[in-house]
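Enquirer: Take the sequence shown: its position 150, counting from 1, is numbered 150 in the numbering used here, and each next residue is one higher.
Everything labelled a hint here was simulated from the structure, so no lab data went into it. Fair warning: there could be bad hints in the mix.
As the list claims (entries may be wrong) - Restraint-style ranges between C-beta atoms, simulated for each label pair:
#1 P246 <-> D108: 15 to 23 Å
#2 L275 <-> N42: 24 to 32 Å
#3 P105 <-> L167: 34 to 42 Å
#4 V174 <-> S262: 29 to 37 Å
#5 L38 <-> P105: 30 to 38 Å
Said to hold, decoys possible - Straight-line C-alpha distance at most 30 Å; calculated DSS-like pairs for lysine-lysine:
#6 K23 <-> K65
#7 K219 <-> K264
#8 K219 <-> K263
#9 K219 <-> K270
#10 K23 <-> K104
#11 K65 <-> K24
#12 K65 <-> K104
#13 K104 <-> K60
#14 K24 <-> K104
#15 K61 <-> K104
#16 K24 <-> K61
#17 K23 <-> K61
#18 K60 <-> K23
#19 K60 <-> K24
Quick reminder that beta carbons are idealized off the backbone N, C-alpha and C, glycines included.
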Amino acid sequence: MSDIIKNEAEQGSEPICSEPLTKKELDRLFWRYQLRYLTCCNLENWHGNCYAYDMAPLYKKYYDKDGQREGMLRMFDFINTEQTTASVLWGILVGMEEQKALGKPVSDEMIRTVKSSLMGPLAGVGDSLVQATILPLLTTIAISLTGAGDVLSPLGVVLFIIATPILLWAYARVLFNNGYTLGKDAVSTLMGSAMDRIKTAVQLFGIIVIGALSASYVKLSTPLSFAASADATPVVLQDVINGIFPNLLSLLLVLGCWYLLSKKGVSVTKAIFGLMGIVVVLGLIGIL
């Protein structure tokens, strides 16, 4: 049955509307994504169902039932990213879908490629910026205000419950608007070398952020030391390593985990239990 649907989807469907999206419709698409992105998650396409559902108003405006089904199939592809920062990707997809419906040469493959290419780098940037920086910072401020025990205590609750989502939605709206503008210019901007440069820039930024976080949060050291004689001052191996390459052991640990997960296909669960076992053994014999 799925093959029949895909074959029919490849035949294309003529749009039933030639008007661009209005501001009200864009607002609806923005809020639909912000409030319903996490309403459906499964192991087959993760949040792909949510993307298809959130894009439904656009498909209903431009296509008949067959066209709506074709659009849904484009959005069903696997996606797993950080919701707030990926608002720029959502804006790009909305802009590209609009231009496709208006007759511009935007192919299904182009939309799918943009979605799959940017979700990973945006997840790295978003998790580092939003989940690991902004939210912990705002939470810390809110807790400190709440625990003050004076007239400022209610401000902590207000900050956490009200101000935090407002700040994140404002950040998301800026990204969505810029992404939508970029998506509308997809034919000239996202083709060929321009798309490669954008993807490379986002990937490099994501790698830099992940590298900085790894250096800050992944700590691995060894207490081993040795001396030339019984009276000599022991040389601490960790000090020698830090003098040559600070955090080298932490880097090797991160690269080792990446190799197992990406190249060998080891599951996260197996990697976690494997690391736990190795750490226990090396700790007992005094290496860690």
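Enquirer: Evaluate each hint against the coordinates.
Expert: Results for each hint:
1. P246 <-> D108: 15 to 23 Å: Given range 15 to 23 Å: violated, Cβ gap about 48 Å.
2. L275 <-> N42: 24 to 32 Å: 28 Å, holds
3. P105 <-> L167: 34 to 42 Å: Once the Cβ atoms are compared, 38 Å apart, the range 34 to 42 Å for L167 and P105 holds.
4. V174 <-> S262: 29 to 37 Å: Since V174 and S262 have Cβ atoms about 32 Å apart, the given range 29 to 37 Å holds.
5. L38 <-> P105: 30 to 38 Å: Since the Cβ atoms of L38 and P105 sit about 34 Å apart, the hinted range of 30 to 38 Å holds.
6. K23 <-> K65: Between K23 and K65 the Cα gap is close to 24 Å, so the pair holds against 30 Å.
7. K219 <-> K264: 24 Å, holds
8. K219 <-> K263: 23 Å, holds
9. K219 <-> K270: Holds: K219 and K270 sit about 20 Å apart, inside 30 Å.
10. K23 <-> K104: 21 Å, holds
11. K65 <-> K24: 23 Å, holds
12. K65 <-> K104: 21 Å, holds
13. K104 <-> K60: Given that 30 Å is the threshold and the Cα spacing comes to 18 Å, the pair holds.
14. K24 <-> K104: Holds, at roughly 23 Å.
15. K61 <-> K104: Distance of about 17 Å is within 30 Å: holds.
16. K24 <-> K61: Roughly 13 Å between the alpha carbons, so the hint for K24 and K61 holds.
17. K23 <-> K61: Holds, because 14 Å separates the two Cα atoms, which is no more than 30 Å.
18. K60 <-> K23: With Cα atoms ~16 Å apart, K60 and K23 stay inside 30 Å; holds.
19. K60 <-> K24: 15 Å, holds
Hint violations for this structure: number 1 only, all remaining hints satisfied.
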